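Undergrad: Sequences listed follow chains Z and H, in order.
Going by my numbering, the first sequence opens with residue 215, and the numbers climb by one from there.
Going by my numbering, the second sequence opens with residue 12, and the numbers climb by one from there.
Here chain Z is said to cover these stretches of chain H; the calculated rule only asks that three of the stretch's residues, wherever they fall, bring their Cβ under 8 Å from a Cβ of chain Z:
1) 33-47
2) 50-61
3) 104-117
Listed next, with one range per pair, are the computed distances between beta-carbon atoms:
4) P253/Z to D38/H: 26 to 34 Å
5) S284/Z to S23/H: 48 to 56 Å
6) P93/H to R277/Z: 40 to 48 Å
7) P253/Z to S23/H: 17 to 25 Å
8) P19/H to F283/Z: 38 to 46 Å
9) G254/Z to N74/H: 23 to 31 Å
10) G27/H to Q281/Z: 47 to 55 Å
11) G252/Z to P19/H: 15 to 23 Å
12) E14/H to I226/Z: 32 to 40 Å
13) E228/Z to R83/H: 44 to 52 Å
14) L297/Z to S64/H: 39 to 47 Å
15) K114/H to R323/Z: 17 to 25 Å
The set of hints was computed from the structure by calculation and includes no laboratory data.
If you're wondering where the values come from, they're calculated on a predicted model, not measured in any experiment.
Built from N, CA and C at the ideal position, the CB exists for glycine as well.
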Amino acid sequence: AAGVIQSPRHLIKEKRETATLKCYPIPRHDTVYWYQQGPGQDPQFLISFYEKMQSDKGSIPDRFSAQQFSDYHSELNMSSLELGDSALYFCASSFRRPVDTQYFGPGTRLTVL
Amino acid sequence: KQEVTQIPAALSVPEGENLVLNCSFTDSAIYNLQWFRQDPGKGLTSLLLIQSSQREQTSGRLNASLDKSSGRSTLYIAASQPGDSATYLCAGGGSQGNLIFGKGTKLSVKP
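Given the sequences, and given the hints that come with them, work out the whole structure.
TA: This is the structure we're talking about:
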């Protein structure tokens with residue numbers, strides 16, 4: 215079965231650079247969620263989209279923005295990167311919110327040097 | 012604000028043992044409770060989803076229960092195997108679908 219696809223899988227950036235992470239949800243899923251998992255931490259909710267509209271916002275820094283496109287893929291844009299942004303970034307998708315199973319992608323490991 | 016706690020933080024058992032992982036949450040108004048498995052440096056694999064109207068869900072050797080009134084969920088693993096070694100995370104789902112995670116229980120099953 216098709217799963218959530220994230221690209222790139224690994225990304226290395228310098229401080230103050232920008233990064234764009236991409237997420238391709240499971241076909242027909244209409245909701246996308248972004249989570250950040252720091253080293254040794256539990257995943258923290260950043261932001262979500264339902265039918266291409268922002269649905270909910272969590273602990274997402276102002277330096278970050280995201281959107282969901284007409285084909286339902288989503289991008290997380292991160293600017294003025296800081297060392298503390300180094301983490302695993304997960305995208306998850308579900309078919310119907312709020313009670314459906316969220317399926318997670320493999321994650322993008324971002325390292326900021 | 013929803014807070015999710017998992018006890019114990021780590022657990023080591025011999026192969027074949029049955030075990031229970033515990034999860035508690037502060038806000039009983041959750042919409043669902045989801046259990047995940049995470050291997051080191053890897054993604055999250057969904058194990059079971061319990062909707063707020065349900066009491067339990069079963070999948071193979073796994074059984075998860077939900078008691079909203081007491082703010083608790085348990086994950087029961089029968090006949091544990093070394094391949095079950097991983098970190099198990101529970102997460103409470105809010106009205107907008109976002110998940111609030113516990114810090115996980117690191118399980119080690121010894122052959």
